[in-house]
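Position 18 of the sequence shown, counting from 1, maps to 46 under the working numbering, and the rest follow consecutively.
Be a bit skeptical, because a hint or two may be false.
[As the list claims (entries may be wrong)] With beta-carbon atoms standing in for the labels, derived distance ranges:
1) LYS62 <-> SER82: 18 to 28 Å
2) LYS69 <-> ILE41: 36 to 46 Å
3) THR188 <-> LYS62: 40 to 50 Å
4) PHE192 <-> VAL81: 16 to 26 Å
5) THR42 <-> LEU209: 24 to 34 Å
6) GLY51 <-> MET126: 15 to 25 Å
[Claimed, not checked] Listed below are the simulated SDA-like cross-link pairs for lysine to any residue, each with C-alpha atoms no more than 20 Å apart in a straight line:
7) LYS216 <-> GLU125
8) LYS182 <-> LEU214
9) LYS74 <-> HIS53
10) LYS216 <-> ASP195
11) LYS182 <-> VAL151
12) LYS136 <-> GLY51
13) LYS156 <-> GLU197
14) LYS129 <-> ILE117
15) LYS129 <-> SER143
16) LYS179 <-> GLU125
17) LYS182 <-> GLU197
Note that these hints are calculated values from the structure, not bench results.
C-beta: ideal position from N, C-alpha, C; glycine also.
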Amino acid sequence: MTIIKDLRLKKGITQRELAEMCGVHQTAVSQWEKGRTLPDKSALIKLSDIFGVSIDTLMKKNTPVSKNSIPVLGYVRAGCPAEAIENIIDYEDISPEMAAKGEFFGLKVVGDSMSPRICQDDVVIVRKQNHIENGEIGVVLINNLDATIKKVIKNGTGITLIPFNPDYEPLFFSAEEIVTLPVTILGKVVELRGKF
């Protein structure tokens with residue numbers, strides 16, 4: 029049981045009543061209580077006031093029950109790089125076999141530069157690693173701020189980030205830019221979960 033459900037039951041209010049107090053749909057409260065999603069910042073503030081507990085208390089104890097759940101951290105741009113967002117927006121389950129092979133996180137895709145293979149609102153599962161082989165799909169951080177998902181091609185002069193959608197131009201970074209910007213590999217995309 030997540031702490032939100034525990035606190036709600038102790039207070040003697042229904043999911044619908046809590047949803048109205050937080051200004052969200054009842055489905056959102058249900059998802060919080062199942063540990064599938066976390067409340068956004070404004071909802072956390074309201075929950076903190078309603079239950080008289082700190083936001084830290086809500087966050088620490090409101091994690092999913094499954095040890096094979098990984099956080100979906102904000103959004104990654106499949107298009108022009110966009111500001112990297114690291115707040116947890118959801119959770120995805122991975123197999124115990126996959127979980128044993130490293131540290132993973134999910135990212136929700138925004139944009140269409142990787143379509144038709146990777147589309148808007150899909151979730152990519154990423155293994156954290158700072159290197160990637162030629163031709164693999166990676167999540168790349170540019171300027172310590174902008175995250176993008178692209179096919180990575182490396183050669184002696186630099187790195188090229190290639191979209192699948194021909195309407196987008198590849199992004200090339202010289203060896204010097206890789207260091208000065210910097211351009212950093214955050215991880216390798218190992219699985220795609222399409223959303224309908």
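List in ascending order the numbers of the hints, as given earlier, that are violated by the structure. 2, 4, 5, 6, 10, 11, 12, 13, 14, 15 and 16
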